[in-house]
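Residues in the sequence shown are numbered from 1 upward in steps of one, following my numbering.
It is worth saying that the hints were derived from the structure and are not from the lab. Keep in mind that the hints are not guaranteed to be accurate.
[Stated by the list, open to error] Computed beta-carbon distance windows for the label pairs:
| id | residue 1 | residue 2 | range |
| --- | --- | --- | --- |
| 1 | Gln99 | Asn180 | 20 to 30 angstroms |
| 2 | Gln87 | Arg117 | 37 to 47 angstroms |
| 3 | Leu173 | Ile107 | 15 to 25 angstroms |
| 4 | Arg68 | Ile107 | 35 to 45 angstroms |
| 5 | Gln193 | Ile125 | 27 to 37 angstroms |
| 6 | Pro124 | Phe206 | 48 to 58 angstroms |
| 7 | Asn225 | Gly169 | 20 to 30 angstroms |
| 8 | Ser209 | Asp133 | 29 to 39 angstroms |
| 9 | Pro124 | Met70 | 23 to 33 angstroms |
| 10 | Tyr183 | Leu55 | 18 to 28 angstroms |
[Unchecked claim] Below, in silico cross-link-like pairs of lysine to aspartate or glutamate (EDC-like), each with a Cα-Cα straight-line distance of 16 angstroms or less:
| id | residue 1 | residue 2 |
| --- | --- | --- |
| 11 | Lys75 | Asp49 |
| 12 | Lys89 | Glu235 |
| 13 | Lys188 | Glu202 |
| 14 | Lys75 | Asp105 |
Glycine is no exception: its CB is placed at the ideal position from the N, C-alpha and C atoms.
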Amino acid sequence: MKLTRRNFLAWAGLGAVGAVACEGFGIRHGELNIQSPVQLPEDLVRGSDNWYASLCRTCPSCEGIVIRVMEGRAKMIQGNPFYPTNQGKIHARCESGLQALYHPDRIASPLRRRGPRISASFTPITWQPNGMDALRTALQERGRSSVMITEPLRGHMALLADKFSSAIGGEHLGFESIDNNTYRAAVKNVFGQDTMPDFDLEHSNFILSFGADFLSTWVSPTRFNRGYGEFRQGEHRDRGMFYQ
Numbered sequence: 001m002k003l004t005r006r007n008f009l010a011w012a013g014l015g016a017v018g019a020v021a022c023e024g025f026g027i028r029h030g031e032l033n034i035q036s037p038v039q040l041p042e043d044l045v046r047g048s049d050n051w052y053a054s055l056c057r058t059c060p061s062c063e064g065i066v067i068r069v070m071e072g073r074a075k076m077i078q079g080n081p082f083y084p085t086n087q088g089k090i091h092a093r094c095e096s097g098l099q100a101l102y103h104p105d106r107i108a109s110p111l112r113r114r115g116p117r118i119s120a121s122f123t124p125i126t127w128q129p130n131g132m133d134a135l136r137t138a139l140q141e142r143g144r145s146s147v148m149i150t151e152p153l154r155g156h157m158a159l160l161a162d163k164f165s166s167a168i169g170g171e172h173l174g175f176e177s178i179d180n181n182t183y184r185a186a187v188k189n190v191f192g193q194d195t196m197p198d199f200d201l202e203h204s205n206f207i208l209s210f211g212a213d214f215l216s217t218w219v220s221p222t223r224f225n226r227g228y229g230e231f232r233q234g235e236h237r238d239r240g241m242f243y244q
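Take the sequences, apply the hints, and build the full model.
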């Protein structure tokens with residue numbers, strides 16, 4: 001076929017339409033950034049980064065994060081813009097997650113105590129065979145009097161801990177250093193619900209706080225900071241009043 005100016009423009013138009021159609025049926029870039037495959041792909045190119053979605057458990061707010069990984073090593077932690085609680089923002093504790101992950105004094109293997117309880121002296125061991133054998137023996141001897149102590153868990157992790165404790169005849173105890181029993185009791189007395197409420201600060205007109213440091217350490221500071229910003233200078237609304 002003879003290439004004329006008219007044919008060239010026609011083929012160029014078809015090519016542009018095809019490119020737009022392929023882009024429309026493809027996966028959006030944001031979805032690729034937050035996916036979390038269980039196993040790394042076999043065609044992983046060294047030197048290129050991968051992003052994995054996860055949750056930060058360093059504070060009770062449990063914020064959504066995305067982690068930049070290069071060749072199996074985490075390099076950066078950022079907020080997940082699609083997570084409803086923090087929407088891309090993260091707490092300072094989440095930022096320090098890499099320091100906890102690669103700290104030279106971190107616990108990197110099972111430990112066996114080699115002295116009395118007050119000595120705080122431990123010897124590193126391996127899971128196979130020493131660690132698993134010692135754990136199996138201890139559970140067989142004292143399983144029904146055992147207590148599994150963890151941080152407060154939710155979802156599949158809570159279900160797994162409960163089933164494991166029930167299987168050995170023990171008990172699962174969720175413990176947090178800063179307990180909210182008093183807070184929950186107050187909410188139950190006022191609202192009649194034994195649960196932790198979510199304060200809708202961004203749509204409030206007046207906030208009265210009795211010593212609750214909600215912008216720093218209380219419950220979910222990242223969530224409350226976002227809401228407080230909207231409360232004070234949000235669009236299409238008057239500035240709210242805050243008394244503490």
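Q. Which earlier hints can't be squared with this structure?
A. The structure conflicts with hints 4, 5, 7, 8, 12, 13 and 14, although it agrees with all the remaining ones.
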